[in-house]
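K.L.:
If you're matching positions, the sequence shown starts at 1 in the UniProt record's numbering and goes up one per residue.
Since the hints were made in silico from the structure, they are not lab data. Some hints could be false.
[Unchecked claim] Cut-off 20 Å, straight-line C-alpha distance, at most; resulting in silico cross-link-like pairs (PhoX-like, lysine-lysine):
{"no.": "1", "residue 1": "Lys103", "residue 2": "Lys126"}
{"no.": "2", "residue 1": "Lys32", "residue 2": "Lys12"}
{"no.": "3", "residue 1": "Lys32", "residue 2": "Lys93"}
{"no.": "4", "residue 1": "Lys12", "residue 2": "Lys37"}
{"no.": "5", "residue 1": "Lys52", "residue 2": "Lys37"}
{"no.": "6", "residue 1": "Lys44", "residue 2": "Lys32"}
{"no.": "7", "residue 1": "Lys44", "residue 2": "Lys93"}
{"no.": "8", "residue 1": "Lys27", "residue 2": "Lys52"}
{"no.": "9", "residue 1": "Lys52", "residue 2": "Lys12"}
{"no.": "10", "residue 1": "Lys27", "residue 2": "Lys12"}
{"no.": "11", "residue 1": "Lys37", "residue 2": "Lys27"}
{"no.": "12", "residue 1": "Lys126", "residue 2": "Lys93"}
{"no.": "13", "residue 1": "Lys103", "residue 2": "Lys52"}
{"no.": "14", "residue 1": "Lys103", "residue 2": "Lys134"}
{"no.": "15", "residue 1": "Lys103", "residue 2": "Lys93"}
{"no.": "16", "residue 1": "Lys32", "residue 2": "Lys52"}
Bear in mind the structure is a predicted one, so any value in this text is a computation, not a measurement.
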Amino acid sequence: MTAPIYPNGLDKLMTSAGMDGQALADKVGTTKQQINKLRHGTRKMTRDWAEKIAPHLDACPAEVIGLPSCAGDPRPSDPREIEFYEDLAWRLKVAVEAIDRQKGDIADSIGVSQSRMSNWITNQNKPDWFGVAKLCRRYGISADWVLLGELRGLPHEWADRWGSAWEERSAARRGPVSPAHESS
Numbered sequence: 001m002t003a004p005i006y007p008n009g010l011d012k013l014m015t016s017a018g019m020d021g022q023a024l025a026d027k028v029g030t031t032k033q034q035i036n037k038l039r040h041g042t043r044k045m046t047r048d049w050a051e052k053i054a055p056h057l058d059a060c061p062a063e064v065i066g067l068p069s070c071a072g073d074p075r076p077s078d079p080r081e082i083e084f085y086e087d088l089a090w091r092l093k094v095a096v097e098a099i100d101r102q103k104g105d106i107a108d109s110i111g112v113s114q115s116r117m118s119n120w121i122t123n124q125n126k127p128d129w130f131g132v133a134k135l136c137r138r139y140g141i142s143a144d145w146v147l148l149g150e151l152r153g154l155p156h157e158w159a160d161r162w163g164s165a166w167e168e169r170s171a172a173r174r175g176p177v178s179p180a181h182e183s184s
């Protein structure tokens, strides 16, 4: 057999799990041929494929792709950074809920999987900044609001009302908030 064009960790994981191509294909909902192409590296292992396959091999997507560990981004230790990512996740959740579409459709429209977007809004993973920018641009959401909690260019009273995470959470208890804004 020739060297794989797209090396990954699938073959090693399947061997250690004692799973053949057909069994994994049945669990993932694809064909044995597709799994074998991924396994032998004749087809590129994408993030979406890795996310579909990983749970069935008791692995994380990084291991399926062939990365050395599942650690991913290290969790921040600075309290300000922790608070930033918690607030960012909350604002992303509010933004996604304010868009009148299914989460899967929103994720598809910005080029990420639904599980990846769910990990962003539950603060399980740091967001992909390009994906956040696409979300903001596509749905007319203020990037200042999503990233910083500030609504720039609006009256000072509005920015004061919605600018801090504590006030945003208080507002959420009062009712839904739409981060969408109209350009003037």
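K.L.:
Taking only the CA atoms, is the gap from Lys52 to Lys37 under or equal to 20 Å?
P.N.:
Holds - the C-alpha atoms of Lys37 and Lys52 are around 15 Å apart, at most 20 Å.
K.L.:
Is Lys103 close enough to Lys93, meaning Cα to Cα at most 20 Å?
P.N.:
Since the Cα atoms of Lys103 and Lys93 sit roughly 10 Å apart, the hinted pair holds (cutoff 20 Å).
K.L.:
CA of Lys12 to CA of Lys37, is that 20 Å or under?
P.N.:
Judged against 20 Å, a Cα distance of about 14 Å means the pair holds.
K.L.:
Against the 20 Å threshold, does the CA-CA distance of Lys27 and Lys12 hold or violate the hint?
P.N.:
18 Å, holds
K.L.:
Straight-line Cα separation of Lys37 and Lys27 no greater than 20 Å?
P.N.:
Holds, because 16 Å separates the two Cα atoms, which is no more than 20 Å.
K.L.:
Just to be careful, I want the Cα atoms of Lys32 and Lys93 compared with a cutoff of 20 Å; is the pair within it?
P.N.:
37 Å, violated
K.L.:
Given the hint that Lys32 pairs with Lys52, test it: the Cα-Cα distance must not exceed 20 Å.
P.N.:
Judged against 20 Å, a Cα distance of about 15 Å means the pair holds.
K.L.:
Can the restraint linking Lys44 and Lys32 be considered satisfied, given a maximum Cα separation of 20 Å?
P.N.:
Judged against 20 Å, a Cα distance of about 16 Å means the pair holds.
K.L.:
With the threshold set at 20 Å, check whether the alpha-carbon distance from Lys103 to Lys134 stays at or below it.
P.N.:
15 Å, holds
K.L.:
When you check the alpha-carbon spacing of Lys44 and Lys93, does it fall within 20 Å?
P.N.:
31 Å, violated
K.L.:
CA of Lys52 to CA of Lys12, is that 20 Å or under?
P.N.:
Since the Cα atoms of Lys52 and Lys12 sit roughly 17 Å apart, the hinted pair holds (cutoff 20 Å).
K.L.:
Do the alpha carbons of Lys103 and Lys52 lie within 20 Å of each other, as the hint requires?
P.N.:
17 Å, holds
Going through the hint list in order, the structure does not satisfy hints 3, 7.
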